[in-house]
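In order, the protein sequences belong to chains A and B. To convert, note that position 168 of the first sequence is 168 in our numbering; the numbers rise steadily by one, no gaps. To convert, note that position 266 of the second sequence is 577 in our numbering; the numbers rise steadily by one, no gaps.
Do not rely on the hints blindly, as some may be mistaken.
[Unchecked claim] Facing chain A, from chain B, some residues (calculated, C-beta under 7 Å):
1. Lys444
2. Leu513
3. Cys523
4. Asp525
5. Gly526
6. Glu528
7. Met529
8. Arg601
9. Arg602
10. Met605
11. Arg608
12. Phe612
Treat the hints as calculated values from the structure; they're not laboratory data. Glycine included, every Cβ here is placed at the ideal spot set by N, Cα and C.
Letter by letter, the chains look like this.
Number of protein chains: 2
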Amino acid sequence: MSDRTYGIVGTGALGGYYGGLLARSGCEVHFLAHSDVDHIRDNGLKVESKAGDFHLSDVSVFGTPEEMPACDVVIVALKTTQNHLLAELLPPIVKADGCVLVLQNGLDIEQEATAVVGADRTLSGCCFLCSNKVGPGHIRHLDYGRIEFGEFLGNGVSERVGDIGQDFASATISVTPSPDIRLTRWRKLVWNIPFNGLSVALDASTADIMECFDGTEMAKTLMEEVVASAAAEGYSIDESFVEKMLEDTRKMVPYDSSMRVDHKLGRPMEVEAIFGNPVRAAAAAGHDARRMEMLYRHLKFVDARNVRNLK
Amino acid sequence: MSDRTYGIVGTGALGGYYGGLLARSGCEVHFLAHSDVDHIRDNGLKVESKAGDFHLSDVSVFGTPEEMPACDVVIVALKTTQNHLLAELLPPIVKADGCVLVLQNGLDIEQEATAVVGADRTLSGCCFLCSNKVGPGHIRHLDYGRIEFGEFLGNGVSERVGDIGQDFASATISVTPSPDIRLTRWRKLVWNIPFNGLSVALDASTADIMECFDGTEMAKTLMEEVVASAAAEGYSIDESFVEKMLEDTRKMVPYDSSMRVDHKLGRPMEVEAIFGNPVRAAAAAGHDARRMEMLYRHLKFVDARNVRNLK
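Chain A on its own, in the form it takes in the complex (with noise of 0.2 Å):
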């Protein structure tokens, strides 16, 4: 147990996971938190897990960063539609010499936090989790969790990235330091950008997409690009991943993605993080990425829609 101390941005599905594992190890963990701090300060967090079911009773959980202590390390897991907030959110819960570690999906997710804490103070990194928030305060943990992070600025793996690990790993999570973020979230992204997009522009499932000639064929030529923008930033991304991906898909239980989950819930989807960044990043590489941005601005319109729906 260290006695480095943690801020959770955000105490959702990943948040609230994440916090609430760190928090059962020991470590000094501080949530905030939006709609749930109420319930949260007076029942604790409830976290169900296959890995076995725990319930924190004595929470420290913030409405407001004012009112929350400075942390070491500042975990941001909200979702990337809410980013515009972490100028407010971020000042007041780093401490000078602390760190912030985004852990949200997509590509050039870091601004805002490196527009606060600067980009040699920032920590970036993706999870492969299936978690949902199924309750205030109520956390429903279902498979993986490993998380890939380091730093914003690559370089190699950081002695600061090596001691959160221990923490992370004294916590029970899975982790593995990326000493080059960026080719880690582009590997990412050649399963999140047809996934993700496909199944709210078909409206499918990962099982539904893999069922179909058709679905798999766009899922592999979209991975196909996604690879071929990878590669004009001058990351490489073996050709073989692209039929790992698809052949895990294939094994998976039937699986919604996060974008079709918001969808569903009509909730603001990741479209910039996801697509929007990528297609800008591929296009500034020389690579002209069509499926993508077909799909991006399919996206796009379905999410104005929905915005549109909702008011």
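Position chain B relative to chain A; hints supplied.
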């Protein structure tokens, strides 16, 4: 009034309308119908049109091709999804020196006709028509109606095309002879590919698409791919045509494309005629039409699900 006899295969929104006009003008017209045969025989054919309603009480209509007299000009007015029927329907109803005029959407949709009567006896045309069948033997013509047609083999405007065009004109059908029907078809696809496809993929009317920046961009970039696909085959379409099509669509009343109508009614969509054949033609000519292909696969996915749901 000529002594050419006309056969109409498919007495729906298109065949009922044009065949009705030809019959009204005094031409000898025989209709091949499916579900509506008895109704039309008993009650005639009713056409509502802003150009003037009319009712034909004595209609020569048949339920099987064997009963029907052979005609000089047989007009194919089925959906292309029914073209597999032509091998049986056409032989009894085309005179030995007669010809077949295929009035259907899409590209490379003449094969079933040429297989029966030969390429040199096949004519081909595109209709710019808004018309619906609203009940048995009951057609509602909404707007437009021009036919652009020519020899399947191209090579300018034949005498035959001129003669049939005269009959159409006498029947108040606006006609434009096409010296190269494949160019005409590519030009029509500039509109049909984006607006038939996106209306189903996005579940949107033409107005919904044009009111959204991303919808309009999808339509525009798809149009550019159609123009590039045609160019790969040696067919030149001016770039200004794309802007004109967008502008015309912007001014249209909100309209459901024929594919969206089919989709809403759970009917098979003309996916191969309007998407599959153009994508394959572009690929054969060396152009990789990736956006068109994405939309093609999307529609095949949706079409297969529709068919499954009907079972």
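Hint check results:
For lysine 444 of chain B, the interface hint is violated, since its Cβ never comes within 7 Å of a Cβ in chain A; the closest pair sits about 29 Å apart. Of the supplied interface hints, the one on leucine 513 of chain B holds, with its beta-carbon coming within about 6 Å of a beta-carbon of chain A, less than 7 Å. The criterion of a C-beta within 7 Å of any C-beta in chain A is met by cysteine 523 of chain B, whose closest approach is roughly 5 Å, and the hint holds. Given the 7 Å rule on beta carbons, the hint for aspartate 525 of chain B holds: about 4 Å separates it from the nearest Cβ of chain A.
Given the 7 Å rule on beta carbons, the hint for glycine 526 of chain B holds: about 5 Å separates it from the nearest Cβ of chain A. A hinted interface residue such as glutamate 528 of chain B counts as satisfied when its beta carbon comes closer than 7 Å to some beta carbon of chain A; here the least separation is about 6 Å, so the hint holds. With 7 Å as the threshold, the beta carbon of methionine 529 of chain B comes within range of chain A, its nearest partner Cβ sitting at about 5 Å, so the hint holds. Taken as an interface hint, arginine 601 of chain B checks out: its beta carbon lies about 5 Å from the nearest beta carbon of chain A, inside 7 Å.
About 5 Å separates the beta-carbon of arginine 602 of chain B from the nearest beta-carbon of chain A, less than 7 Å, and the hint is met. The beta carbon of methionine 605 of chain B comes within 5 Å of a beta carbon in chain A, closer than 7 Å, and the hint placing it at the interface holds. Interface hint at arginine 608 of chain B: satisfied, since its Cβ lies 4 Å from the closest Cβ of chain A, which is below the 7 Å cut-off. Taking 7 Å as the C-beta cut-off, the interface hint given for phenylalanine 612 of chain B holds, the closest approach to chain A being about 5 Å.
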